[in-house]
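Undergrad: Here's the letter readout for the chains.
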Amino acid sequence: MSPYLPILLIILIALVIGGAMSALAHFCGPRNQTAAKKEPFECGVPNSSRREKMSVKFYLTSILFILFDIETVFLYLWARVFKTLGWFGVAEIFVFLLILVVGYVYVLRSKALDWD
Amino acid sequence: MGEAISFYFLASILTVLSIAVVTVQKPVVAVALLVFNLFFLAGVYALLGAHFIAVIQVIIYAGAILVLFMFVIMILNPDMDLKETGDKGKKFILFSAVSVGFLFFSFKMFEQMAPLTKEDIVSEILEDNTYEIGLQLFEDYIWPFELASLLILLGIVSAILISRKPSQNKSV
Amino acid sequence: MDLFYFELMAAVVKMCVILAMALQLPPIMVWIERRAGAFMQRRKGPNRVGLFKWRLWGLLQSLVDTIKLIFKEESVPEDADKVFFHLAPVLSLIPALLALSALSFGNYIILFDHEIPLQLINLNVGFLFILGISGMGIYGIVLAGWASSNKFSLLGSLRASAQMVSYEIPMGLSLIPIVLIYNSLELGSIVEAQANTWQWGIFLAPISFFIFLITMFAETNRAPFDLAESESELIAGFHTEFGSSKFALFYLAEYVNMFTLATLCSILFFGGWQVPFIPHLKLIELLGSHNLASFIGFVTLLLKSAFFMWLYVWVRWTLPRFRYDQLMKLGWKFLIPLSLGNVFVTSLILMM
Amino acid sequence: MVPIEHYFILALIMFTCGTLGVLFRRNLLFMLMSIELMLNAVNLVFVTASSFLGDLDGQIMVFFVITLAACEAGIGLAMVIAIYRRYGTINPDFLKVLRG
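Residue numbers (the numbering used here), protein chains in the order written: chain A, 1 to 116; chain B, 1 to 172; chain C, 1 to 352; chain D, 1 to 100.
Note that these hints are calculated values from the structure, not bench results. Bear in mind that the values here come from a model prediction, so they are computed numbers and not experimental data. Ideal placement from N, C-alpha and C gives every residue a C-beta, glycine not left out. One thing to keep in mind: the hints can contain errors.
Some, not all, of what chain A presents toward chain C, calculated at C-beta under 8 Å [as the list claims (entries may be wrong)]:
{"id": "1", "residue": "P3"}
{"id": "2", "residue": "L5"}
{"id": "3", "residue": "L9"}
{"id": "4", "residue": "H26"}
{"id": "5", "residue": "C28"}
{"id": "6", "residue": "P30"}
{"id": "7", "residue": "Q33"}
{"id": "8", "residue": "S62"}
{"id": "9", "residue": "G86"}
{"id": "10", "residue": "Y106"}
{"id": "11", "residue": "S110"}
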């Protein structure tokens with residue numbers, strides 16, 4: 001049996017659980033909608049602009065996340081063959097990390113990660 | 001048998017999703033569909049025996065790059081200008097031309113493709129291909145590997161430079 | 001073909017066990033959290049609901065709560081994106097369950113002359129799959145915040161997901177020394193390599209454990225990192241608009257994620273299903289039965305992860321919440337340099 | 001056993017969708033998404049060839065393509081944000097400034 005078949009099973013089961021819970025609540029719960037219930041719950045503050053623009057810092061965080069994520073994956077690959085490669089591999093990864101540390105220092109200096 | 005069923009199942013899902021991604025109206029829906037698309041593509045990779053690439057696809061593509069798309073949609077106003085502009089007739093002609101061109105190209109490709117003989121097709125599913133990939137990457141592809149880090153460095157620097165606020169740019 | 005059906009049956013049975021484990025998590029954990037909170041604040045906590053005349057320390061409180069949640073009205077805000085509003089809880093449940101089922105809960109057992117590993121999804125990329133899949137959990141949160149068209153929800157979901165992505169990197173980096181030391185990505189062989197108690201991850205890679213422990217709390221959005229749902233600022237974060245069963249699904253996903261990380265921590269750093277000071281092979285010899293030894297290993301692992309679940313509760317009622325800038329500072333300016341240095345120093349020590 | 005051509009046809013379909021998306025969608029976000037789709041089609045061809053020929057070079061190329069795609073998406077989306085802030089639109093037809 002393929003080891004990937006259980007993944008499909010789990011996804012199906014999760015869908016069934018989600019559907020069943022929603023259906024249960026739908027049939028068991030009361031249903032009396034009022035105008036106030038349909039509004040978003042914002043503590044009574046009039047919802048002027050319901051979808052505001054968010055800080056660009058979130059974006060910068062996630063772009064840096066991607067780039068460091070790739071680095072992590074490369075490191076995993078290296079860690080797997082570390083024993084075979086020996087010092088040669090350590091030297092290679094040292095250069096790799098050195099270049100990335102330059103980027104990291106630049107990020108710190110540019111204050112991209114400072115959330116006032 | 002199992003492989004064929006899984007492949008055609010995944011392939012039909014992927015086809016539908018790919019078409020949907022480029023045709024839906026809302027950017028959020030498109031990103032969500034693209035996530036599913038890339039996830040199922042990871043399934044195809046796994047089917048081909050590329051387990052490590054499959055998991056990389058999930059980690060980086062589905063788990064990171066598309067999060068970035070999602071964030072951009074959240075940061076910008078999500079209901080931004082969605083109306084399509086451009087001449088309808090011109091678009092239709094261009095569309096047909098591109099489609100026909102692609103069909104022609106694909107037929108040419110399959111015609112000219114050297115038929116794989118039974119000896120060529122190895123298709124052995126390597127048991128631990130993480131190890132093999134790592135060995136090959138760190139022994140034969142040293143320079144591309146180091147250059148990749150340079151590419152990531154450039155990515156970091158330019159993303160920060162571009163997304164600075166205009167007012168900050170003037171003062172620098 | 002017979003083998004295929006046998007394995008399929010085994011997979012279905014294992015899946016049922018995992019589901020049972022996942023579904024009983026939130027009720028028990030909610031009860032423990034409330035009782036522990038009461039204990040630490042010198043209150044009584046829920047102690048009334050019981051069966052007939054037995055109070056059972058209020059243990060049935062959560063069961064009653066679950067039933068109450070199902071009988072609540074489900075309200076959908078008017079401008080909500082209906083499809084994503086209904087889909088978001090499921091989207092956060094799927095990755096949680098997938099990650100849980102990729103854990104190695106024990107050595108294999110032998111049934112009808114077949115070896116059945118106590119691990120539902122056993123890929124040869126090992127725990128990278130868990131890291132990748134738990135990264136997919138972000139979509140459930142982001143879409144929940146986006147779909148409910150509430151600015152506090154959106155801000156909460158953005159905060160939660162920015163926090164999750166920030167701490168995913170230190171988490172990934174902190175596990176690299178484990179791969180370096182045990183030279184494997186598979187959870188089963190990592191546990192086997194920890195047969196000797198002094199070879200456990202906590203002793204060989206203490207800094208990794210430290211980093212992993214912090215990221216464990218941050219990844220699950222738990223106190224002291226629960227900024228996503230800091231109720232004093234953001235109502236309840238991304239699940240403000242979600243009531244009744246959808247709220248229950250989010251809760252389920254959250255507790256499953258906590259349990260997954262707690263178990264992963266005990267597998268990687270505390271010897272998994274190895275009983276302390278008795279290597280698994282010796283345990284088999286002592287007991288003379290393979291299945292019994294595996295079962296004891298399974299219970300050992302559950303006890304170890306129960307400790308970390310308790311730690312979650314303990315920390316929640318002990319530490320105050322971080323500020324958002326402190327959170328980001330801790331992640332990016334302290335944990336990432338520390339974990340990079342940790343990787344490099346570990347590799348140097350191993351080469352010496 | 002699925003013939004190699006079918007994998008290529010799947011890749012071709014994805015690539016065509018991507019190309020048409022880049023050409024026809026008048027929205028920078030959709031254009032970037034279509035580019036991701038095209039890159040994925042290319043990756044599929046690499047992985048297929050690598051698996052059928054029993055040679056891991058293709059899978060290593062996928063690595064580099066993914067690295068490239070990440071950098072491309074990061075910079076591209078940063079530009080989308082910058083453009084939206086400057087001009088208030090991300091429809092390339094309105095961005096006459098870019099046309100010399």
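Undergrad: All hints are to be evaluated individually against the structure, with a verdict given for each.
TA: Structure-based check of each hint:
1. Hint status for A:P3 relative to chain C: holds, with the closest Cβ pair at about 5 Å, below 8 Å.
2. Of the supplied interface hints, the one on A:L5 holds, with its beta-carbon coming within about 7 Å of a beta-carbon of chain C, less than 8 Å.
3. Among the interface hints, the one on A:L9 holds; its C-beta lies about 6 Å from the nearest C-beta in chain C, closer than the 8 Å criterion.
4. Checking A:H26 against chain C: minimum C-beta separation of about 6 Å stays under 8 Å; hint holds.
5. For A:C28, the shortest C-beta to C-beta distance to chain C is roughly 5 Å, which falls under 8 Å, so the interface hint holds.
6. Nearest Cβ of chain C to the Cβ of A:P30: about 5 Å, under the 8 Å cut. The hint holds.
7. Checking A:Q33 against chain C: minimum C-beta separation of about 7 Å stays under 8 Å; hint holds.
8. Among the interface hints, the one on A:S62 holds; its C-beta lies about 6 Å from the nearest C-beta in chain C, closer than the 8 Å criterion.
9. Evaluation of the A:G86 hint against chain C yields a held restraint, the C-beta minimum of about 7 Å falling below 8 Å.
10. Against a cut-off of 8 Å between C-beta atoms, the interface hint on A:Y106 is violated, since the closest Cβ of chain C lies about 13 Å away.
11. At about 12 Å, the closest approach between the beta carbon of A:S110 and any beta carbon in chain C exceeds 8 Å, and the interface hint on this residue is violated.
In terms of the numbered hints stated before, the structure departs from hints 10, 11, listed from lowest to highest.
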